[in-house]
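S.K.: Produce the entire structure from the sequences given, and follow the hints as far as they go.
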Amino acid sequence: MPPLPESAPSAAPAIPAVCPVCAEPLDAEDRFCGHCGHDVSAPAPAGRAPGTPVGAQRAGEPSAAAAASAGDGTPGDGTPGHAAGDGDPDAFRLAPPGATAAAPPGTSGAAADDPGQEAAANADGGADTGGSGDTLVLGAPSRLADPREEEPAAAATAESGPVCVACGVGGVDDDGYCEHCGHAQPRQRDHQEKELEGVAAVSDRGLRHHRNEDAFAIAAASLPDGSPAVSAVVCDGVSTAYRPDDASAAAAVAGSESLLGALERGANAKEAMHGALMAAFEAVTALADEEPPTDGRVHHNAPACTCVSAVVTGPVFTVGWIGDSRAYWIPDDRSRPPARLTEDDSWAARMVAAGLMSEAEAYADARAHAITGWLGADAVEVDPHVAAFQPDEPGVIVVCTDGLWNYAESATDMADAVPADARSRPLASARALLGLALDGGGHDNVTVAVLPFPAAVSRAGFPSA
Amino acid sequence: MPKFSKSNVPQFSVDVYQNEYLPEGGREVNAIVTVTATGGGTSGGRPLDGGTPAPDAGVVVMVDCSGSMDYPPTKMRNARDATAAAIDTLRDGVAFAVVAGTHQAREVYPADGGLATADPATRAQAKQSLRKLTAGGGTAIGTWLKLADRLLAGHDVAIRHGILLTDGRNEHEKPEDLRAALAACAGRFTCDARGVGTDWEVKELTGIASALLGSVDIVADPEGLAADFQSMMENAMGKEVADVALRLWTPQGAEIAFVKQVAPTVADLSARRTESGPRAGDYPTGSWGDESRDYHVCVRVPAAGVGQEMLAARLSLMLPQPGGAPEALAQGLVRAVWTDDMAASTRISPQVAHYTGQAELAQVIQQGLEARKAGDLDSATAKLGRAVQLASASGNEDTAKLLAKVVDVVDAASGTVRLKARVADADEMTLETRSTKTVRVKK
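For the protein sequence lines, the chains are F and R, in the order given. Residue numbering for the first sequence follows full-length UniProt numbering, beginning at 1 and increasing consecutively. Residue numbering for the second sequence follows full-length UniProt numbering, beginning at 1 and increasing consecutively.
Hints are computed from structural coordinates only; laboratory data are not their basis. Predicted model only: the values in this text are computed from it and were never measured. Warning: the hint list may mix true and false statements.
Unchecked claim - Derived coverage of chain R by chain F (criterion: at least 3 residues anywhere in the stretch with Cβ under 8 Å from a Cβ of chain F; other residues may be distant):
1) 83–94
2) 252–258
3) 309–323
Note that beta-carbon positions come from the ideal geometry of N, C-alpha and C, so glycine has one too.
M.R.: Spelled out as structure tokens, the structure:
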């Protein structure tokens, strides 16, 4: 983590004259904006709007870590204080979005509701998972921690605009690139986290891809009988298709809304799941009808993505999927067998199912990950797989893209990777699993949702969603 | 439809074609940038309605009147007719003048040290005064250009253009005098150059046209002059904005390999950069009407790790504003994304491949003709063979036809050719002059 003694001086609290969020005049004694409630007492870097993300405390992490990382960022001071930044060419990649990185449509609901939470969680990630290696020290580059502070700052004066996270010298232009070194600034989707009561998810760009084409949506609703339903939808955009990031975002949102909407109306979980996958399919298909790209390229592949969902309803949970994103059942009692709940729509899975190759042979083949089922206008056939389970013990459902399961393919490997307290701390567990993938090389985008079973709602001391 | 806005500035759009994916350690980023100007006041041949504001332009026609123009005498007559046709093409309100060029420059019309304003009366007077044009004397093109510059400078017009006709070499002034004149005139007006007959020097006229951001062509048969002058003048009348610069921003540590115009003709702009801000430079593009041009930009950026993305270049079209900072008319982004996906990083943008071929085509034609003149027939055969191959593969039929007048094509696909034993001077000069003409990517 950032060495606090170095970064602390520049993080000295200074109350700005006006609220960086709503421009309300402030008094020197004010700790919160009287108009919008923004926390103005947080450490303020020189020349930039202040604000420890409000979510820092909420997430229950040491706020000092977030403050230290968010506070330091005076242009020209290089990167001292940024532990992860030192000597790490990828250090800038996980910082939260630059001023102009618009939230993509369909970004998870909580991130949209409270960007600070997501950013703060990001900043805290380092503290929380420091044990899993350097790769997860996400906090350090998050000088731009809170997206809310970007726009007022940029609007105020050019000099006080965001500073490039790669070189620390140049400002950021309207297109999201550094005006000095040209490096793309982190986008909101590069790293996203969300936690609701009873479910949490994390999505990350990984270390080798230039953007995050995964998406997730987690949500909770009440069944007609008043019992809770908690769901997680995870989608992986197909890179070889056009607009994979839009496809996954559209599918996740449409799938999640359809699923819970149907359950609220009293639909059977399996039917609701089937309907959700079809709704996701339609959302992705609709993208293909939108205006063609103007970049002069011929796009042979319509937007496409995979989708896997899990929903906990009372004593059962239901899993539905198309493609090669997976769900695993990890019982709390690790002496009990964990299980993979999904069968990939992939070349390797088909080879194994047809008895033509052993699993080891099939997955070693270059074609292993070619998917045979997906959501998109050019899908050959849409055959949603739905399965319901009724475990007689508590545990968690891990819903993830291949960016994670490539590093823990078997159910036992996945069970070993899932922290023992996963059911009580789903967000921390999701982060730990992300850490596993990044430590393994982060070759793909990584998205993982951790869904406790039975539905863990109304836990004491936890804010309701 | 009435036009409410006084400005005729066309809408500019910029499209970037590139493969942004680079392999690990890759540095070179190539992009084809298509700049299209539309919706200006260009009539496109339609009669102009009364509501159109008078064109804000000045044109000077420079006619070679050296002694050689009398051999054969039809040359001078055709030059007079061509100039008359050009004057007829002038729109009402355009400021114009006619200069007779010999070893010195002389104002023919209006001959009062300035420009006349086109209307039926002045056009008739100008044509009348063309009768006074007689051949006699030498050729010093630098003096003609300097006079044209003086005449145009006296008028506050947005578009300043020259049309230059010559039939011989620039023999009566030192090459450095011409170079100095070009340096003085560059950026002050644009100029199209035409060579009539076959006694002029291709490199000389190409140099003038490229320095003054105009076109160059051969009019081998003087009979064709009038039509050519008319089309040149129509083209000049179509220009709506002048002094548009292509501004190229590149990130810290990047090197610009080259900036070339690649359509409609190849013109290397790399050396014409003027610094315009931190890490930014301007390249002149002259004046624009309703038209589209393509540029090939090649930038070497510092390598970054797989998964990273960088802005390799930002291209903006800058229009100078009177007494203020230039206005950006449009911009495009050239990106670099490092990937370990070989399929992505090894793909070559069809536009980049096409124009790389077109630029090579122009180069091998020039080298081939050079070698042929020097008597190095093996090299000439190899270069012109390659040219035939490139022209055929890219569908550049005009150039292929011109090549076929210089070489016998055995097999176009493989570039197998034989040099023709006898080649008309006009054919060789036409090929050399038009070697830079390109075609666009086949759709």
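S.K.: Take the hints in turn and mark each one as holding or not.
M.R.: Each hint tested on the structure:
no.	hint	in the structure
1	83–94	violated (count 0)
2	252–258	holds (count 3)
3	309–323	holds (count 5)
Hint compliance for this structure: hint 1 alone is broken.
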